[in-house]
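Engineer: One letter stands for each residue in the lines below.
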Amino acid sequence: MINEPPPTTVAGEPASPQPRTTPLPRRARASRRHVRAVLSTAGPIVFLPPTLAVADRDVTLFGIPALAVYIFSAWLIGIILIAFASRGEPAD
Amino acid sequence: MLSAPLVLTIGAGYLGLLFVIAFVVDRLAATGRASSLLSGPVYTLSLAVYCTSWTFFGAVGTAVRSGLEFLTIYIGPTLVLMAWWLLLRKLARIAKARRVTSIADFISSRYGKSRTVAILVTLIAIASITPYIALQLLAVSRSYGALVGVGAEGTDTAFWTAVTMAFFVIMFGTRRLSADESQPGIVAAIAFESVVKLAALLAIGLFAVAVLQLGAQPGAAVESVDAALAKVGALARDDGARWIVLTTLSAAAMICLPRQFQVAVLENRDERHIALASWLFPLYLFLIAIAVLPIAAAGLTRLPAGAEPDLFVLTVPLSEGAHSLALIAFIGGLSAATSMVIVASLALAVMISNHLIAPLLLSRSDTAGTGLKGSVLFTRRIAIALVLTLGYLYSRVSDGGAGLASIGLIAFAGVAQFAPALLGGLFWRDAARAGAKVGLFAGALLWLATLLLPSFGVGVGFLEGFRAVLLPAHLASGPDAIDPLVFGTVLSLSVNTALYVLASLFAPRSAVDQLQATLFVDALHRGGPEPTLRRSADRRDLFRLTQRILGPVEAHRLFLEDGAADDAPVDSAFVAKVEREIALAVGAASAHTLVTQVAKGEPLSVDAAIALLAETREAIHAAEGLGVRSVELERTAEELRAANNTLTELLTEKDEFLSRVSHEMRTPLTAVRAFADLLKDAELDAPRARRFVAIISSEAERLTRLLDDILDLSRLEAGRAPINFERLDAAAELTAAAAAMEGFAERSGVSIDLNTQAGLFIRADRDRLKQVLVNLVSNAVKYHGSASSIRLHAAAEAGEAVLRVEDFGPGVSPELLPRLFTKFAGSVHGPNSAGAGLGLAIAREIVQGLGGNISLERTGPDGSVFCVRLPLLAADPAQRSKPSLDA
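Here the protein sequences line up with chains A and B, keeping their order.
If you read the first sequence in numbering that gives the first Met the number 0, its first letter stands for residue 0, the second for the next number, and so on.
If you read the second sequence in numbering that gives the first Met the number 0, its first letter stands for residue 0, the second for the next number, and so on.
Source of the hints: derived by calculation from the structure; they are not laboratory data.
Among the clues, some could well be false.
Claimed, not checked - Think about it this way: if two alpha-carbon atoms lie no more than 20 Å apart in a straight line, the pair counts; the simulated SDA-like pairs of lysine to any residue are:
id	chain 1	residue 1	chain 2	residue 2
1	B	Lys781	B	Pro813
2	B	Lys89	A	Arg31
3	B	Lys230	A	Ile63
4	B	Lys230	A	Pro48
5	B	Lys89	A	Arg32
6	B	Lys89	A	Thr40
7	B	Lys230	A	Arg56
8	B	Lys230	A	Leu60
9	B	Lys230	A	Phe71
10	B	Lys230	A	Ala65
11	B	Lys230	A	Gly62
12	B	Lys230	A	Leu51
13	B	Lys230	A	Tyr69
Isolated chain A (complex conformation):
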């Protein structure tokens, strides 16, 4: 059987199957763009060896070394931030 291709516009853009629910205000979108830019660059820095060396202390939290606590916390914060920055993003 022949499978129909998904509907595409002339330029090959995907036709949006459903309209976006709530358009974001311009300022919110701009601030999200900034958060995205910061995350793209700050992400690698947070996990660089020199940064990790700073976090590597002889302290433990429930027996877990400080370094592991740092990495997992930074990771989780990054996830939360990128979730905020990507929320309700239109397909452009």
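Could you slot chain B onto chain A? The hints should help.
Structural biologist: Just chain B now, with coordinates in the frame of chain A:
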């Protein structure tokens, strides 16, 4: 230990479930009802094909051996997804617009649809991924062995897994050549598998946390839970390079692994899914990683020393008697292994059939009946079987050997060779085909020599020699030696990148290359019609070609959509569309070659170049427009500032002038009033009265002269003073002025020396010129100082009549010099001198009105020279006639 039949039954049942899921979703997709199933979360879960059995079992092993280093494998992809706005979005958009079928197709498309590039990428992928598949098969058989113990030898689970997977992929991955290369059934199945493996690992992780509460078992590798956690949560501080290399490799793998490219880019249906995955997938990885820690610690404290850390995931629940949990762990590992095998073999098969086999099939001519589609699908099936056979053979050959343990990272390093060409192609307009070819080739060669072959014990001596040549002795071998993975990765990737950049900069580029560069680099902000190569083709030729590749049904559909008559020539847009459709079956490179054979002529380079030029010009214009505007603004502001300054100066001068004029008028008026009062009040004798009246009269005359001067000057300045031009001899006028001042000079005891050259004909107003000259001569006489003469010169210099008035007086005071010819200058030689000092201002206005200029040529304690220059008349008829008259 569990019984073999039970484990085999559960395993087979699980694989059967995969078939059901894939089948149902495929059915739904065929009737258009799967779109809600294939949503953002499913997309995210399909990305988790990244986590193979190498993750499921191996992460715990790595944590035990190297502490937190295992996190790099999950941090890399997290960073890539955090930058999804820059990278993944663009990749997905281009892949959709260009109908890309694989990563090899993507890179070859970017570099002018180069077949060499496609073949290179395919070969590197095969070399990297086949051992990786072997690793998965091995993981299944080893986990089965660990679970069943004795009795496992009789069943070759790796073989049966390979066979089942080949069957699965062939069944769901090669049913058709769909418009995009998406496979909904397979995506649904691997999304399901991702849920299973995460749930399994989390369950074992929680179990391990509970087990840790029991404390350490005697005879275990580590004696206390705290020590185990410290060991697992530590990081070798001196090896930052390895940390960076591993993070970079896993970041690159996130898009360069053929299976990741398949699920992340080709199977993407909506860019919003990427936005969701940008945090949901890192969260998935986070959960996987966090489950690893307690499992590793539990294995270290509860299992006897020497237990295999790579199997802790299975052996921790098994040793605690939690058999059902061990079974869940086995299923989780199975799902991790099979999902990787499924997608990787499919992606490889597409690349093999499109880039290695299809070009060979195209040379055969007996395909016209059914189209090439059947052959392409058949090749894909063969390729899948071949890839899995190869993988199985690998696993047999290196069974239990150390070779496969490191293959995960070596495969990452292999596919990372695509990164320079892939990323450069997205963002660097000048990246060229030659660069991609040379970079990929050199990178692959070095990767082979420094990483892949040595991992199988081949060419180890060569590698040692190579290191000894390249590195300082203490880094080449011994305790401080550079890690082999770091060495191989850094060397191959830097040479790859360097050659890529250099060759791109210096190699010539074809029109197709440049066109594709524009289409890729500008993919996110392209407006208007997209540029196509200008080609026209005979409709019937093109139809025959399409039929040959796609079969009659597809070909008819395609040409019916166009709706034009049979004999109408087809335009370039339609040719491009047909090429894209054909590319789905045989890849962009082959499709381009085929269509170019049919499409007429190759004047395309000119048109393509023009389109590119136009586009570039637009961009340059926009940039220039901004620059021009700011320059204009600056200039306007500058002009305004200058005008403002001039106005301010004028205002100041006006004030000064007014105060000067009132002062000048006050002096004679005071005198007039004083003498008039005397005449009125006092009884004066007649001679005194006459003298007073004479003074009043002369002061009134001075006032009149002052007012006349002011009026004269303002008329001159406003251009309202009438000037009657006539032909004059400047020398004669100077002589006349001297004659007029003869009496005044004599009274002042000054003689006037005349030194004139006759015949200095100019056009001027006689009275006005005389006014100027008289003013200058009278000034010279007035300020003759101790000298008893002044000197007047008239001469012709460089087309000008130059009249000079020279005195030998004390000179003009320096503070007066800048304002000498303004009406506010005051008296030339001091405030107490007679006259309002408007003379020179009037003189300047007059001379300028006559088209000449007046200046103070020289001044000093030994005298001053004022100079008037007026343009000499060109030799006009009257002047020319003069010599003839003389003759």
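Engineer: For the pair supplied as a hint, Lys230 (chain B) and Ile63 (chain A), confirm whether the alpha-carbon distance does not exceed 20 Å.
Structural biologist: Holds: Lys230 (chain B) and Ile63 (chain A) sit about 10 Å apart, inside 20 Å.
Engineer: Taken at face value, is the distance from the CA of Pro813 (chain B) to the CA of Lys781 (chain B) at most 20 Å?
Structural biologist: Holds, at roughly 19 Å.
Engineer: CA of Lys89 (chain B) to CA of Thr40 (chain A), is that 20 Å or under?
Structural biologist: It holds: about 18 Å lies between the C-alpha atoms, which stays within 20 Å.
Engineer: Is it true that the CA of Lys230 (chain B) sits at most 20 Å from the CA of Gly62 (chain A)?
Structural biologist: 11 Å, holds
Engineer: Going straight from one Cα to the other, do Lys89 (chain B) and Arg31 (chain A) come out at no more than 20 Å?
Structural biologist: 18 Å, holds
Engineer: Between Lys230 (chain B) and Tyr69 (chain A), is the straight-line Cα distance small enough, at 20 Å or below?
Structural biologist: 16 Å, holds
Engineer: Would you mind confirming whether the straight-line C-alpha gap from Lys230 (chain B) to Phe71 (chain A) stays at or under 20 Å?
Structural biologist: Holds: Lys230 (chain B) and Phe71 (chain A) sit about 16 Å apart, inside 20 Å.
Engineer: Straight-line Cα separation of Lys230 (chain B) and Leu51 (chain A) no greater than 20 Å?
Structural biologist: 16 Å, holds
Engineer: Taking only the CA atoms, is the gap from Lys89 (chain B) to Arg32 (chain A) under or equal to 20 Å?
Structural biologist: Distance ~16 Å between Lys89 (chain B) and Arg32 (chain A) Cα, so the pair holds.
Engineer: Within 20 Å, alpha carbon to alpha carbon, are Lys230 (chain B) and Pro48 (chain A)?
Structural biologist: Holds. Lys230 (chain B) to Pro48 (chain A) sits at ~18 Å (cutoff 20 Å).
Engineer: Straight-line Cα separation of Lys230 (chain B) and Ala65 (chain A) no greater than 20 Å?
Structural biologist: Distance ~12 Å between Lys230 (chain B) and Ala65 (chain A) Cα, so the pair holds.
Engineer: Within 20 Å, alpha carbon to alpha carbon, are Lys230 (chain B) and Leu60 (chain A)?
Structural biologist: 14 Å, holds
Checked against the numbered hints above, the structure violates none of them.
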